[in-house]
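There are 2 protein chains.
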Amino acid sequence: MLNLKHIAINSFNENLAYVHKDCDAYKVDDIKTLTKVEIHGGVKPVYAFLQVVDDARLVKPNELGLNNEAFEQINLPEGANISLTLSPPPPSLASIKRKIAGNILSAGEYASIVNDIAARRYSNMDIASFLVASGSFMTASEVLALTEALIGEETIRWDNESIVVDHHCFGGVPGNKTDLIITAIVAAYGLPMPKTSSKSLTSCAGVADTMSVLANVDLDEDRLKALVKENRGAIACYNSLPIAQANKIISSVERHIGITQQQHLAASILAIKLAAGVTHLVLDIPVGPSSRIKSTNEAMRLRKLVEYIGDMLSLEIDAVITDGSEPIGNGIGAVLEARDVMKILRNKPDAPQDLLEKSLFLAGRLLEFDPKLRGGQGYHVAKEILQSGRALETMNKIIHAQGKAPQPRLGHLTRDIVATTAGVVESIDNARINKIGVLAGASQYPGAGLDLLKKVGDRVEQGETLYRIHAVNSTDFAFANSVVDGYTGYEISSKGGY
Amino acid sequence: MLNLKHIAINSFNENLAYVHKDCDAYKVDDIKTLTKVEIHGGVKPVYAFLQVVDDARLVKPNELGLNNEAFEQINLPEGANISLTLSPPPPSLASIKRKIAGNILSAGEYASIVNDIAARRYSNMDIASFLVASGSFMTASEVLALTEALIGEETIRWDNESIVVDHHCFGGVPGNKTDLIITAIVAAYGLPMPKTSSKSLTSCAGVADTMSVLANVDLDEDRLKALVKENRGAIACYNSLPIAQANKIISSVERHIGITQQQHLAASILAIKLAAGVTHLVLDIPVGPSSRIKSTNEAMRLRKLVEYIGDMLSLEIDAVITDGSEPIGNGIGAVLEARDVMKILRNKPDAPQDLLEKSLFLAGRLLEFDPKLRGGQGYHVAKEILQSGRALETMNKIIHAQGKAPQPRLGHLTRDIVATTAGVVESIDNARINKIGVLAGASQYPGAGLDLLKKVGDRVEQGETLYRIHAVNSTDFAFANSVVDGYTGYEISSKGGY
Chain Y
179 MLNLKHIAIN
189 SFNENLAYVH
199 KDCDAYKVDD
209 IKTLTKVEIH
219 GGVKPVYAFL
229 QVVDDARLVK
239 PNELGLNNEA
249 FEQINLPEGA
259 NISLTLSPPP
269 PSLASIKRKI
279 AGNILSAGEY
289 ASIVNDIAAR
299 RYSNMDIASF
309 LVASGSFMTA
319 SEVLALTEAL
329 IGEETIRWDN
339 ESIVVDHHCF
349 GGVPGNKTDL
359 IITAIVAAYG
369 LPMPKTSSKS
379 LTSCAGVADT
389 MSVLANVDLD
399 EDRLKALVKE
409 NRGAIACYNS
419 LPIAQANKII
429 SSVERHIGIT
439 QQQHLAASIL
449 AIKLAAGVTH
459 LVLDIPVGPS
469 SRIKSTNEAM
479 RLRKLVEYIG
489 DMLSLEIDAV
499 ITDGSEPIGN
509 GIGAVLEARD
519 VMKILRNKPD
529 APQDLLEKSL
539 FLAGRLLEFD
549 PKLRGGQGYH
559 VAKEILQSGR
569 ALETMNKIIH
579 AQGKAPQPRL
589 GHLTRDIVAT
599 TAGVVESIDN
609 ARINKIGVLA
619 GASQYPGAGL
629 DLLKKVGDRV
639 EQGETLYRIH
649 AVNSTDFAFA
659 NSVVDGYTGY
669 EISSKGGY
Chain S
179 MLNLKHIAIN
189 SFNENLAYVH
199 KDCDAYKVDD
209 IKTLTKVEIH
219 GGVKPVYAFL
229 QVVDDARLVK
239 PNELGLNNEA
249 FEQINLPEGA
259 NISLTLSPPP
269 PSLASIKRKI
279 AGNILSAGEY
289 ASIVNDIAAR
299 RYSNMDIASF
309 LVASGSFMTA
319 SEVLALTEAL
329 IGEETIRWDN
339 ESIVVDHHCF
349 GGVPGNKTDL
359 IITAIVAAYG
369 LPMPKTSSKS
379 LTSCAGVADT
389 MSVLANVDLD
399 EDRLKALVKE
409 NRGAIACYNS
419 LPIAQANKII
429 SSVERHIGIT
439 QQQHLAASIL
449 AIKLAAGVTH
459 LVLDIPVGPS
469 SRIKSTNEAM
479 RLRKLVEYIG
489 DMLSLEIDAV
499 ITDGSEPIGN
509 GIGAVLEARD
519 VMKILRNKPD
529 APQDLLEKSL
539 FLAGRLLEFD
549 PKLRGGQGYH
559 VAKEILQSGR
569 ALETMNKIIH
579 AQGKAPQPRL
589 GHLTRDIVAT
599 TAGVVESIDN
609 ARINKIGVLA
619 GASQYPGAGL
629 DLLKKVGDRV
639 EQGETLYRIH
649 AVNSTDFAFA
659 NSVVDGYTGY
669 EISSKGGY
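Quick note, the sequences are listed as chains Y and S, same order. Counting in the working numbering, the first sequence runs from 179 upward without gaps. Counting in the working numbering, the second sequence runs from 179 upward without gaps.
To be clear, the hints were calculated from the coordinates, so they are not data collected in a lab. Treat the numbers as computed from the prediction; the structure is a model and nothing was measured. There's no promise every hint is true.
One copy or any two copies: either way a pair holds, since identical chains are not told apart in the list.
In the DSS-like style, the derived pairs of lysine-lysine whose C-alpha atoms are separated by at most 27 Å in a straight line are [unchecked claim]:
(1) K275 x K526
(2) K561 x K632
(3) K426 x K275
(4) K561 x K633
(5) K482 x K613
(6) K199 x K426
(7) K633 x K472
(8) K526 x K633
(9) K183 x K238
Start from the sequences and build out the full structure, keeping to the hints where you can.
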């Protein structure tokens with residue numbers, strides 16, 4: 179038996195167990211590799227990976243240390259008696275080898291993999307293997323099985339609502355923060371919209387990042403329900419809700435390795451919506467040469483896939499293919515995107531028109547889920563709600579109810595990227611703009627990002643600013659500067675426009 | 179600037195940097211994911227992954243802690259002034275995405291990947307992604323490029339030798355410890371053989387594990403050279419040599435995720451041999467339905483591949499396809515395998531004949547690399563060296579020179595697996611036997627393993643012991659027991675033999 183000790187280390191979604199090299203209860207001198215152990219003494223065994231310590235101030239030979247993640251799970255006080263056994267490799271790891279070998283996995287295999295991930299029986303390396311192996315190809319049935327497995331056991335029920343709507347964008351287009359505007363419009367109309375979103379995976383800012391500039395997004399289930407009851411809408415970071423737990427662990431690995439495969443993303447989005455109790459979803463699929471989805475054919479295949487999964491799992495999906503050829507709005511990064519959103523809600527004349535129009539279009543599609551609304555009226559109703567100021571009023575209520583955030587400042591390290599020739603902006607490369615923004619620190623710091631002063635079709639003079647980089651710290655600023663000179667992401671045609 | 183602190187934690191081949199959550203020099207509260215940093219102050223920047231600490235006894239806000247691996251690399255005393263910057267993702271990670279997308283990578287891309295792994299700019303998750311992505315397919319040119327990259331910068335030179343020989347087995351067959359016998363014979367003959375080997379990857383025991391039962395295998399370069407000069411042979415764990423560093427890091431991830439892809443293994447073996455200065459290699463490719471290589475066609479493809487790489491990199495390779503249909507020898511696990519080896523060297527009548535014959539055959543192939551030996555004479559010369567006792571004498575000299583090991587005891591927890599019917603052993607499943615041995619603890623504890631009392635073709639009575647499980651600790655013993663009842667790995671034909 180060993181005494182439990184909390185080692186206050188945050189290791190980002192991996193359970194670590196620290197044992198002394200002369201551990202009383204476990205012979206560690208033969209350990210050659212990362213070893214999985216089971217820790218007994220709590221309600222359920224906790225799985226962790228061994229780290230061997232040679233410092234009794236950190237862990238004594240009669241102690242077992244657990245990092246934050248594992249200590250929280252075992253839910254015992256320091257000093258509690260616990261024991262340690264080697265953990266056999268979970269049998270579901272064999273399915274990963276089968277997937278590498280090119281096999282189609284069964285629904286049972288996906289369920290086992292996801293359960294083992296939720297129980298932390300996979301190391302991050304194992305999860306990375308699963309992601310890359312299953313990323314090579316998945317049949318529609320496999321994506322369905324993965325979606326169903328990812329929903330998990332805990333789901334949110336909305337007993338008094340016949341329709342619960344949400345909107346999600348498949349991503350790949352910087353600045354695309356329609357969700358905040360849509361939520362305000364739909365909630366003002368009166369349809370319940372518990373918008374769940376993640377923080378950025380590989381982009382400059384996720385919806386939760388942008389909303390967190392304005393309000394607290396860490397809402398628990400009771401709070402979310404109360405807020406939706408009160409205001410018909412709320413914007414929550416799904417990580418704060420007790421749903422789709424395995425997906426959170428998988429996402430943290432995806433975020434690290436920077437690989438987000440389309441079918442995984444589809445399964446992840448649909449699983450979160452289903453776990454959140456959503457009944458009707460508008461899924462925006464932006465298509466463009468530098469977007470996540472590059473062609474209409476690809477978008478169509480994705481639409482068929484999500485429609486199939488929606489039908490099988492009773493989620494009504496309206497999958498909308500939209501123009502993703504250039505960034506949407508002017509701001510890229512949470513603070514700048516929140517600025518654009520508030521300009522639109524305030525009906526400011528300098529609000530970005532592309533973001534405004536797209537938001538009205540998508541909000542309209544959502545409103546048409548209401549059986550009482552006549553077909554084709556959604557857009558006009560949405561526009562009326564926005565122009566009347568009711569959307570702004572609802573957003574202010576939502577911000578107030580969630581808890582107003584101390585607005586972070588825009589990064590003070592700036593650089594203007596200017597046109598080297600006069601002409602017309604012919605194209606803006608989404609992937610490049612995203613990369614420069616991420617390097618400038620946008621995925622870490624809300625105040626970092628890019629402010630696009632020119633968009634496709636705009637006339638520019640030589641030396642005129644195309645966009646401005648904002649960074650919060652000097653390392654990020656240097657990273658962004660070091661790549662932007664190679665390729666700014668803007669193509670200027672000197673021919674003189676359309 | 180921060181003060182360096184050594185945090186005595188062994189994290190198994192990953193550099194970790196511990197910062198306080200209120201770190202003076204680095205804002206950590208926005209960190210959402212595992213973050214790569216560069217630590218400056220030493221000769222070269224050291225790359226590590228951040229762990230956030232909330233305990234000033236462990237790391238103060240003005241300190242930066244490094245785990246064993248990273249502290250050793252920075253090579254500065256505790257208290258030294260160091261600084262910390264975010265590390266941009268190494269550009270070679272983009273090649274992994276290209277590989278996932280099905281592309282053929284260039285030699286330059288493999289070189290960049292391997293360099294970045296050697297510099298610890300990849301997390302273990304990134305390495306797992308690389309292994310699974312490149313494991314799906316590699317062209318011969320890609321395997322060549324990977325091999326060349328894995329050789330690394332540090333190589334061992336044998337200036338006074340015209341031929342330096344080695345033998346390596348492609349693996350998949352339990353108990354196959356020909357190497358110790360071959361080294362003794364070849365060294366007794368007089369050809370220099372610095373046998374390098376790894377500890378077990380996914381098997382019950384690697385050559386270095388078995389040799390370490392008899393002698394110290396942690397030899398540095400000078401020691402290895404002196405020993406080969408003195409005795410013409412030595413058996414070293416390659417991890418103790420300063421060669422093929424990236425390969426060691428990659429292997430530790432392979433060992434953890436349990437996925438060893440054939441082309442990676444070929445590249446790894448050849449790179450180690452080339453880095454060790456070997457000029458002539460016998461590569462044993464065992465083929466069998468439950469071996470790593472399942473068919474003669476597959477073995478032939480592998481032979482062509484290694485011959486091609488050998489020709490391109492000036493390594494003379496004699497690739498020999500052998501029978502891998504059942505385990506070789508009786509012992510599986512380091513102590514039991516060492517017992518078999520010593521029985522053969524001592525010319526004991528109960529020595530396993532299959533291991534004896536195979537060792538003579540392969541040693542003969544190695545001896546024939548000597549231009550002075552007449553073609554076809556190798557086997558007979560090898561047999562004469564063994565039977566005369568010269569091989570034993572040489573092995574004893576090698577053991578003495580490397581440093582005799584305190585022989586570990588055989589695991590005292592035993593169970594006899596018996597035949598449920600009388601008949602003849604028709605087949606033994608290598609993969610199953612390996613799995614039971616690994617679960618019994620053989621890859622961790624030299625004293626654990628299986629002792630095969632019956633082999634294919636042997637007559638057995640009902641209730642007679644087929645093999646005996648040896649375990650060192652009770653958890654492993656329970657694991658092995660829990661699977662062996664499902665399927666022992668032996669098939670008994672009741673028809674009455676051949």
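State the violated hints by number, sorted upward, taking the hints as numbered earlier in the document. Numbers 1, 5, in rising order.
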